[in-house]
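*Asks:* With the UniProt record's numbering applied, the sequence shown has no gaps in its numbers, which climb one by one up to 386 at the end.
There's no promise every hint is true.
Below, computed lysine-lysine pairings styled on PhoX-like, alpha-carbon distance capped at 20 Å [as the list claims (entries may be wrong)]: (1) Lys168 x Lys230; (2) Lys168 x Lys18; (3) Lys168 x Lys185; (4) Lys202 x Lys38; (5) Lys185 x Lys223; (6) Lys18 x Lys174; (7) Lys253 x Lys47; (8) Lys253 x Lys174.
Honestly, the hints are just simulated from the structure, not real lab data.
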Amino acid sequence: MIDQQVVIAAAYRTPTGKFWGQLQPFSSAQLASQLVTKMLAVTNFEKNIIDQVILGNVLSSGTGQNLARQVQLNAGLEPTGSAMTVNQVCGSGLKAIRLAQEALVMNDARAVIAGGVESMSNAPAFVPRSGKNEFLQQSIHDSLQEDGLQDDFGHYAMGVTAEKLAQKFHISRKQQDQYALQSQKRATKASQAGNFDQEILKISPLSYDEPIRLHTDLQTLGKLPPVYQKQGSVTAGNSSPLSDGASALLLMKAETAQAAGMLPLARITAYQEVGYYPELMGYAPVIAIQKLLAKKNQQVSDIDLFEVNEAFAVQALVVQQELQIAPERYNVSGGALALGHALGSSGSRIVTTLVHNLIRTRQQYGIAALCIGGGQAIALEVENLQ
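Just need the whole structure built from these sequences, with the hints factored in.
*Replies:* Set out below in structure tokens:
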């Protein structure tokens with residue numbers, strides 16, 4: 001029942017900014033506030049029935065109390081509504097969508113804005129306490145690394161988990177570089193063809209995805225040294241770049257959309273999240289997608305498009321190969337290797353891109369999925385209603 005009632009009435013995102021690029025001047029709250037304000041203006045939806053705002057955000061140190069509440073009020077929504085900030089690492093933005101779906105089905109809200117945001121450029125350094133009012137001045141910690149990019153169980157960078165995947169599934173450096181190049185080329189083609197125009201709302205001065213490497217090639221990628229292991233295969237070129245961005249979806253029941261005169265973009269048809277071994281977290285989307293399909297009595301071949309977050313090329317390759325997904329149905333507009341992986345936004349960003357790609361290509365079913373640091377994965381199926 002929960003998977004049949006909730007529709008996506010609108011889905012937008014900011015352009016993705018490079019690490020310390022054109023979006024650096026904006027905090028996470030400012031990025032998301034601008035996006036939600038613009039989305040409300042474009043949709044002209046009645047603000048007073050948006051009862052909740054749920055946003056994913058991972059690097060929350062120094063962002064102030066409850067970022068989602070800041071965005072809610074900054075965007076001019078009613079102060080009588082509620083707001084919640086979610087941290088499920090890379091899955092945060094997609095988890096926000098699920099929580100919105102649950103609130104709508106349980107009649108806790110009439111309409112919900114769900115999504116995520118991250119300004120990785122503005123993740124602060126911090127100094128731990130050594131007493132009530134004392135600080136270890138000589139010990140400065142990087143919140144970007146400790147809260148976003150490091151496995152808390154193995155105490156190593158997330159890229160080490162990518163190396164473990166490469167070894168376990170025999171994915172070569174050449175395969176990873178070839179996949180990374182494909183992602184860059186697909187993203188470049190999609191951007192130049194205007195395929196992202198329906199999902200991007202400009203955040204001045206940026207109107208395009210800044211991280212895309214327009215002129216990269218296999219020779220350039222092949223010269224990059226491994227980052228995480230001396231004899232490894234994971235490089236800066238076949239890993240997702242640090243980035244800034246926000247994404248937001250407007251969700252409601254189908255009857256609410258009909259009463260408002262809105263033609264929904266898509267409906268949510270299935271959801272699944274799973275846990276797995278932290279050191280092999282990149283494999284977890286395979287299990288999540290398999291379980292989701294089993295619940296729906298579907299096969300991989302029943303799904304027209306897949307959007308699987310590209311934290312690392314090897315991780316995206318493992319998911320594609322283990323599920324035997326045809327390349328022409330997999331990350332057709334490129335992925336995070338080219339577009340960036342703004343942690344708290346990534347889940348809702350790939351759902352936004354998936355929905356618009358289904359509409360653009362006139363196909364029916366799509367699945368969005370992400371691996372999650374700490375050993376989890378999350379997946380969502382949507383059906384095109386246009």
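*Asks:* Please write out, lowest number first, the hints stated earlier that are contradicted by the structure.
*Replies:* 2, 3, 6, 8
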